[in-house]
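Trainee: The chain contents come next:
There are 2 protein chains.
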Amino acid sequence: MSKYSVIGTRVHRVDGVEKVTGTAKYTFDMVLPNMLYGKILRSPHPHAKILSIDTSKAEKLIGVKAVVTGKDTIGKKQGIWRRFPELCDEEILCREKVRYIGDAVAAVAAIDEDTAEEALDLIEVDYEPLPAVFNPMEAITEEAPQIHEGVELNININRHLEWGNVDDAWKDCDHIIEEQYVCSSQAHVCMETHDALASFDHNGKLTIWTSTQAAYYIQVLAADMLGIREGDVRCINPYTGGGFGSKFELDSAQFCAALLSQKIRRPVKIVLNREEEFTATKRRTPMYYFVKLGAKKDGTMLAKEVRVITEGGAYTAMGATALYLTGFFSSFPYKYPNYRYDGYRAYTNTAPTSAMRGFGAPQSTFVGESMIDNLAEDLGIDPIEIRRKNGMTPNYVVPGQAWIQSCGLHECLDAIEKHVKERGKLPPNRGIGVSAYGFMSGGIFNWFDTPYAFSSAIVRINIDGKVDLFTGANEIGQGSNTTLSMICAEALGVKLDDIRIHSADTGICPPDLGAWGSRETLMNGNAVKRAAEDAKNQLIEFAAAKMGINIVYDMDIKDGWIHLVDRPERGVSYYDIVKDAIRGKDGEAIIGRGHYTPHRKGMISPAYSFGVQAAEVEVDPETGRYKLVNVTTAHESGTVINPVGIEGQLEGAIMMAGGYGFCEDQPMDEGKILNPSIADYKLIRALDMPETEILEIDTYEPEGPFGAKEAGEGLTNPTAGAIGNAVYKAAGVRIRHLPITPEKVFRALEAKKKQEK
Amino acid sequence: MSKYSVIGTRVHRVDGVEKVTGTAKYTFDMVLPNMLYGKILRSPHPHAKILSIDTSKAEKLIGVKAVVTGKDTIGKKQGIWRRFPELCDEEILCREKVRYIGDAVAAVAAIDEDTAEEALDLIEVDYEPLPAVFNPMEAITEEAPQIHEGVELNININRHLEWGNVDDAWKDCDHIIEEQYVCSSQAHVCMETHDALASFDHNGKLTIWTSTQAAYYIQVLAADMLGIREGDVRCINPYTGGGFGSKFELDSAQFCAALLSQKIRRPVKIVLNREEEFTATKRRTPMYYFVKLGAKKDGTMLAKEVRVITEGGAYTAMGATALYLTGFFSSFPYKYPNYRYDGYRAYTNTAPTSAMRGFGAPQSTFVGESMIDNLAEDLGIDPIEIRRKNGMTPNYVVPGQAWIQSCGLHECLDAIEKHVKERGKLPPNRGIGVSAYGFMSGGIFNWFDTPYAFSSAIVRINIDGKVDLFTGANEIGQGSNTTLSMICAEALGVKLDDIRIHSADTGICPPDLGAWGSRETLMNGNAVKRAAEDAKNQLIEFAAAKMGINIVYDMDIKDGWIHLVDRPERGVSYYDIVKDAIRGKDGEAIIGRGHYTPHRKGMISPAYSFGVQAAEVEVDPETGRYKLVNVTTAHESGTVINPVGIEGQLEGAIMMAGGYGFCEDQPMDEGKILNPSIADYKLIRALDMPETEILEIDTYEPEGPFGAKEAGEGLTNPTAGAIGNAVYKAAGVRIRHLPITPEKVFRALEAKKKQEK
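Protein chains in written order, with the numbering used here: chain A, 1 to 757; chain B, 1 to 757.
Mixed in with the good hints, there may be bad ones.
[Said to hold, decoys possible] Covered, in the sense of this in silico footprint (three residues per stretch, anywhere, with C-beta under 8 Å from a C-beta of chain B), are these stretches of chain A: (1) 172-182; (2) 202-212; (3) 508-516; (4) 577-584; (5) 751-757.
[Said to hold, decoys possible] Over 12 Å on every C-beta distance to chain A, these chain B residues come out as not near it, computed from the model: (6) 29; (7) 31; (8) 202; (9) 232; (10) 582; (11) 583; (12) 585; (13) 620; (14) 685; (15) 732.
Source of the hints: derived by calculation from the structure; they are not laboratory data. Here a beta-carbon is modelled for each residue, glycine too, at the ideal position from N, C-alpha and C.
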């Protein structure tokens, strides 16, 4: 028998047929009897006092059933960093002050969307505009207006990381470079905008169906903000049309729908339109990087010092984590003996910045990978060689931070080196840039202060051998329902088709922290595997008894066959033993339980994946226009559970990370986002996509289920850096301000020509 | 502290607010995207061959999306007595023959109900009518047409019960009476007609939402009839508008909706209209009773011999169980040393007869309680005295059948005797009739051949102390969600409001055989109690550790306080210990499991409740019209879990059982039911209701949760007999053919006058 029967095979997604036939239900599709439609009134001012809100005209409009403002709330400020009350700073429905264009001030429930829209126009808000600040570098000056009471210099939070002795190390360096970079914002642009359907029953119990990455968080946060117990909230995540980091905090659609339903005791649905999605939801954190990097002549990097100011926008959100992670990943994927990071997050009167796929690492990787190329050039060392010299290796310990067990970085460097050689001598104006990266498999930090295991799963085996798998994991399109079903099938020894997964319904599934930070495969996968093994062991007891085998033999289940590990032909049918076992247990179905919380793995993540990417571009030296020709990625994610899934993740990541490096941006005028539509916001489209190739490197992660680890989010990290390095190789200009638009390349080429003259 | 905090208190139903505000969702209310509406074509013939069915015209009708006939099925015959394949005799969609007016032959799914109705008219069925038989006494003669192939004399099944030596015992009797009785049919008349919404997904998995008493049965039977695995069917029972025995078999709405959805892969909803509900669903079994009863002069009953022929209608259904139970309950509630029962169920060309509240016992109780009054009169003994002399007592063993542990029959007799005395001397033409009865608390027989425990429950305690209770029990209006929540709250020691119950969804709840035979309180109650105690014990471990108590002390939880049983002031908060315990278990929620399958309790039921009812009537001697003046019931159901629930059950039972005795009937002409509407079918309405009074007798059933047993169905047994006895007392006529209509009383009075002349 081959090692695995399900893992590593090319299967259809378990939700594939439903999705391609259009029968999969999203919150967007849902309708309940007596349902009302909600709309949210948002601030047109970046910073203003609310003097009064008059909703009386709106309330009188025929078809309007309820209007709520901040006065209808319990007046609590929310935040996902619940361990730190001072970071819970967002009211959602503002009572006294608005802090960005898009801040919510009122919401309406009406019999249809048009009526609700009309009612918004009838709400009269009397604002007193206040001076506003938009740039974080200005926000932290004495002159800037104060955005949150009691927060000096608008510094929301700072993070410090340090090991070794950076100040001493500079003396030992043969070469030191200091550079500044600016990382821009980016929108998540999910296919499904934020939406929620909330229904309070007459016993005061709330059910929310919503497009979310973390049903459990929404349950807890909604309860908190409504002043009810979390056990009285059930959050159900039907299929979700993308999250990418934008959907694991309580949002205005969820909160306003719930508040309206609490008031009117009818189901209320709110779907944000695309303009709201761009302007009034959270986005990737823009960062200002100031970096000093020193090395020996031979390329050995001795010290790095990083200072970062991030544009926080109006509220904390997940920005505190992004600030922390960009500092941690600024050391990646290299062994810096001396390292210091100081990050500051500044409040600004812009839309809050928060988590987005990569979570601070695309920024740090862009900066770090640009600089290591610059350093290599200065020292006359090959870019791959300098990475090889400093790159992390298995069992490396990041001092005081993390224990990296598996690490395939060097194999990835070898593979990309081979790839670059194979591309041969390039035509003029072409260049290949290389970028190395690593990423985590879920976070260990518990700012949410959950008392539950990070992941839990329950496996129930029914009389016909079919399996109900209950997990709090959130299927957001990333394929977790498929991956977890595969893990369950493999661990239990049955067919994938035998598994029916129930996920992300807090009424019936055990808690899970949700789909963010690339945590589901490793963390929930471990819980699922343990639950399946718990159930399997119960069956093996009955099989062993029936077969009367010598107790020294090990038994296992594979493909529905319970057998001796060393004599696989000796066995009994799983389906028969299920029947025996249920009878033996007086008719109780077989139930297995498993949970996973990382222990003894440092402060960041239980495991890290690594990779190296090569981007090839062709630049027009006259106009600066350039084209992504090829992006090849050597990637290791431990054992590959679902190869088709990884391919999809890779292509999606190149589209998204390429967009971050190449074209996506959110220009603003006095805090107003100027391109809040898919027509004006430039995404990489199918026709713009480069050739993509994946070179899968084999590793095994001892902490992961069957040796698996992260396989989707880390892929977002390298591309901006690889593009920057490729543009430098092709055109000789270094762009330090994302995105690397053709316009910026043109201006740099012009400046370079002028300088050369 | 008082003994119980939740049990025995007067609480609102947990679903009460939803129900009175109209927000509770029934299958009837459900809508899914792309849903189609189904209708069923039914036979107009009581017995006919199907020569051909032409659906082509119907298929061409605009708006029709699918038509199915027997040819679309896998050709399997269904039945709920799965251990006996020969009793699985119903195709639902007939292929070769129809056997009653209402048998289904085709079904249509269309964009709306009108179109579906129109399509039914376009289906051309070529029938060859066959000779039919309607009366069971005729059906078992040689001359009768054969209804099912290979079934001689149309005898579907027979049952025999015997103990002692009846033939010898007659010699010792001083007085023997022999009488014949006819028990009529009765319709369940649920507020919600049979309905189902079936949705097959593209992976071949089926979800059925349906009004049912047994979601688990529907899951299994639907899978069986569709040729798919039961793990691929999820049956969800939303709120159900009444069952009364009519809704725990697979019905035409469920099967046709599922078959149509399987064909068209869209959701299909079928709601039977009221006429179909009366003519094409199952009904109470009419029975022909032939009884011989012998006693000593002092009233000691020595022997009883009962022969019963039941009108089976076209299929077996639950009729086999009704045949068995009417035989068992013909011995109730008395200690017959010698007893023999022979029952025969005859197929007829009428709508199948099956289970209905009381399940054979209302018939046997009417006959038995009429005859014991006749016997008492013959012997000159007071009716209550003769019952006292023969009545069952605690720990009585019905030979070879049942072990009755708790029994409050004698206390009930005392209470009714007191009540009758208090009524004093009655005016002329008034009479009080007494009737004693017993009933079971769920059946032990497993004709369904389930491999699962009869009842199972899972209790999950969340971090805030709120409890998710998962049970397969079916809330059908009888209040099981409330009763089970109360048991859970009491057993765990928390507030009722802390419980959130999830019931009767086979995808997420452990199996339960459903709500029939008065099984949920005792059987599911035991499972819930055990699951709650399992969870409680896990908490007590942590509390004991925290308090550092001497291990000889016992601990318990009550009102959220974990304390020493003997020093209740020494304790800790449940809510605190929940947090500790979840942390201690590395974040896994506390999960308790419990199941219950009766063992060592004989062949019928784990427990029996008893009661005595007195009905007072006033008869107009000229016209036979009579009025129910007062019905008083002394009742014992062990510990009363939910007193308000019992009151509701009692009033409902008097309405239903009074109707059975007084006015409900289903007259037929050549197999056609003549009154298939609520206008023509006579129910007891609010204005017809007598005064009702309940005298609760305290008992404790060791097998039941907290000492509880059955409390709703048994109440349907005594009323027809009590009315019959009261009419005899008031007017001197004995009516032996149900219902005891004024017309029958009038005719009997006329005959009596003629005889007296």
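Trainee: Now tell me, hint by hint, if it's right for this structure.
Mentor: Structure-based check of all given hints:
{"no.": "1", "hint": "172-182", "verdict": "violated (count 0)"}
{"no.": "2", "hint": "202-212", "verdict": "holds (count 3)"}
{"no.": "3", "hint": "508-516", "verdict": "holds (count 3)"}
{"no.": "4", "hint": "577-584", "verdict": "holds (count 3)"}
{"no.": "5", "hint": "751-757", "verdict": "violated (count 0)"}
{"no.": "6", "hint": "29", "verdict": "violated (6 Å)"}
{"no.": "7", "hint": "31", "verdict": "violated (7 Å)"}
{"no.": "8", "hint": "202", "verdict": "violated (4 Å)"}
{"no.": "9", "hint": "232", "verdict": "violated (7 Å)"}
{"no.": "10", "hint": "582", "verdict": "violated (5 Å)"}
{"no.": "11", "hint": "583", "verdict": "violated (6 Å)"}
{"no.": "12", "hint": "585", "verdict": "violated (8 Å)"}
{"no.": "13", "hint": "620", "verdict": "holds (48 Å)"}
{"no.": "14", "hint": "685", "verdict": "holds (29 Å)"}
{"no.": "15", "hint": "732", "verdict": "holds (54 Å)"}
Checked against the numbered hints given earlier, this structure breaks hints 1, 5, 6, 7, 8, 9, 10, 11 and 12; the rest are met.
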